[in-house]
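Produce the complete structure using the sequences and hints provided.
2 protein chains.
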Amino acid sequence: MKKYRKQDFDTADVRRLLEPGPVVLVSSAWNGKTDIMTMGWHMMIGFTPALFGCYIDESNHSHELVRRSKECVINLPTADLLEQVIGIGNCSGADSDKFALFGLTPEPAIEVRAPLIAECYASFECRLADAEPNPNGSLFVWQIVRAHVARTPKLPKTLHYRGDGQFMISGREIDSRRQFPNQAK
Amino acid sequence: MKKYRKQDFDTADVRRLLEPGPVVLVSSAWNGKTDIMTMGWHMMIGFTPALFGCYIDESNHSHELVRRSKECVINLPTADLLEQVIGIGNCSGADSDKFALFGLTPEPAIEVRAPLIAECYASFECRLADAEPNPNGSLFVWQIVRAHVARTPKLPKTLHYRGDGQFMISGREIDSRRQFPNQAK
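Protein sequence lines correspond, in order, to chains A and B.
Under the UniProt record's numbering, the first residue of the first sequence carries the number 1, and numbering increases by one thereafter.
Under the UniProt record's numbering, the first residue of the second sequence carries the number 1, and numbering increases by one thereafter.
Hints are supplied without guarantee of correctness; some may be wrong.
Okay, derived cross-link-like pairs now, BS3-like style, lysine-lysine, Cα gap no bigger than 30 Å in a straight line [said to hold, decoys possible]:
1) B:Lys6 to B:Lys185
2) B:Lys157 to A:Lys185
3) B:Lys185 to A:Lys2
4) A:Lys33 to A:Lys70
5) B:Lys2 to B:Lys157
6) B:Lys33 to A:Lys185
7) B:Lys2 to B:Lys33
8) B:Lys2 to A:Lys185
9) B:Lys3 to B:Lys157
10) A:Lys2 to A:Lys33
11) A:Lys154 to B:Lys157
12) A:Lys70 to B:Lys185
13) A:Lys185 to B:Lys185
14) B:Lys33 to B:Lys6
15) B:Lys70 to B:Lys33
16) B:Lys3 to B:Lys33
17) B:Lys185 to A:Lys33
18) B:Lys154 to A:Lys157
19) B:Lys185 to A:Lys3
20) B:Lys70 to A:Lys185
21) A:Lys33 to A:Lys6
22) A:Lys154 to A:Lys3
23) A:Lys157 to B:Lys157
24) A:Lys185 to A:Lys154
25) A:Lys157 to B:Lys185
26) A:Lys157 to A:Lys6
Only some residues are given here: those of chain B computed to face chain A with a beta carbon under 7 Å [to be verified]:
27) Ile86
28) Gly137
29) Glu173
30) Gln179
Hints in this document: simulated from the structure, not taken from any laboratory.
Heads up, the beta-carbon is just placed ideally off N, CA and C, and yes, glycines get one too.
Written out as structure tokens, the structure reads:
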């Protein structure tokens, strides 16, 4: 599998990759163990600071790791990782080391203990935001404290889940800046 | 503009349209006035009941309408509504009637007072969920209480915002059910 050489990226711009709604891989570390989960339930919440919300049900092994460590890395897989995305979403880290099982390479992050996934196009280091909503324990608001993004391709082909084993793959890009009455945000 | 004839749809299946992360149009009604806003910051949170989270900043005119009415309709525009999606996102309902301004047709909903948008492929009637997190007043969790979806096309071409005036349009569909080790969820 291809590893992406990623570069430092402005956290204020992570919406360019996350707001379109791709499936992501959440990596976490706690007490000497790591885990990865496949996640489609997430959204942007702010730019500066870069805030990112997601829902991680308690039934996921990763829930405990992110809850206890208050950290995670949001990794963006490209469409060629379809098999890994499905496999990771269909087994539990309680029974297995998902990095080993799926041939993925953990790389050290800078700000958090959770590892980056070398085979992903982008990785976003997250800390639980100060203003923790978490009303029912499963809704998390993260601050993205550091972003690593590959330079090529300029925009990746991403997977977008529809449920029931069906995915949409990101399609054509449209630049509509000239249609915006004011500076586009 | 084309109006979609929508049919009743199982709320447990709305993720098929919302989880891939499309831009949606939020319609609302309060005190005899309506509004529409363009929104990309949202996520699924549950299936049964169908829960849907979103972030609506206080700076949006719609914020007050949805907060006071505790209701809204999430409408799914297809890619041919690009001009309306951009226009609605770049003006304020405080100054204008966006239905009239953008030539969109309000249709009565069944469970809520907020109107459906006839020109959208799908419309989801929402009530503020009992378990209201809303820690800072801008993060909403809705229960989708009724869903209206067009039968054709089977899946719509949707708009996915990248910021800075750039959109991704939904691309190829992949059916991976056979690659799932268990029944796909």
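Hint-by-hint comparison with the structure:
1. B:Lys6 to B:Lys185: Between Lys6 (chain B) and Lys185 (chain B) the Cα gap is close to 25 Å, so the pair holds against 30 Å.
2. B:Lys157 to A:Lys185: Distance ~23 Å between Lys157 (chain B) and Lys185 (chain A) Cα, so the pair holds.
3. B:Lys185 to A:Lys2: holds (28 Å)
4. A:Lys33 to A:Lys70: Since the Cα atoms of Lys33 (chain A) and Lys70 (chain A) sit roughly 14 Å apart, the hinted pair holds (cutoff 30 Å).
5. B:Lys2 to B:Lys157: holds (14 Å)
6. B:Lys33 to A:Lys185: Holds - the C-alpha atoms of Lys185 (chain A) and Lys33 (chain B) are around 27 Å apart, at most 30 Å.
7. B:Lys2 to B:Lys33: holds (25 Å)
8. B:Lys2 to A:Lys185: Measuring from Cα to Cα gives roughly 28 Å; hence the hint holds.
9. B:Lys3 to B:Lys157: At roughly 15 Å apart (the allowed maximum being 30 Å), Lys157 (chain B) and Lys3 (chain B) satisfy the hint.
10. A:Lys2 to A:Lys33: Judged against 30 Å, a Cα distance of about 25 Å means the pair holds.
11. A:Lys154 to B:Lys157: Answer holds: Lys154 (chain A) to Lys157 (chain B) is near 22 Å, not above 30 Å.
12. A:Lys70 to B:Lys185: OK: Lys70 (chain A) and Lys185 (chain B) at ~27 Å, within 30 Å.
13. A:Lys185 to B:Lys185: Violated, because 35 Å separates the two Cα atoms, which is more than 30 Å.
14. B:Lys33 to B:Lys6: holds (24 Å)
15. B:Lys70 to B:Lys33: Measuring from Cα to Cα gives roughly 14 Å; hence the hint holds.
16. B:Lys3 to B:Lys33: Within the cut-off at roughly 22 Å; holds.
17. B:Lys185 to A:Lys33: Holds, at roughly 27 Å.
18. B:Lys154 to A:Lys157: holds (22 Å)
19. B:Lys185 to A:Lys3: Cα-Cα ~29 Å, so holds.
20. B:Lys70 to A:Lys185: holds (27 Å)
21. A:Lys33 to A:Lys6: At roughly 24 Å apart (the allowed maximum being 30 Å), Lys6 (chain A) and Lys33 (chain A) satisfy the hint.
22. A:Lys154 to A:Lys3: holds (16 Å)
23. A:Lys157 to B:Lys157: It holds: about 16 Å lies between the C-alpha atoms, which stays within 30 Å.
24. A:Lys185 to A:Lys154: holds (20 Å)
25. A:Lys157 to B:Lys185: holds (23 Å)
26. A:Lys157 to A:Lys6: holds (16 Å)
27. Ile86: holds (5 Å)
28. Gly137: violated (11 Å)
29. Glu173: holds (6 Å)
30. Gln179: holds (5 Å)
Violated hints, in rising order: 13 and 28; the structure is consistent with all others.
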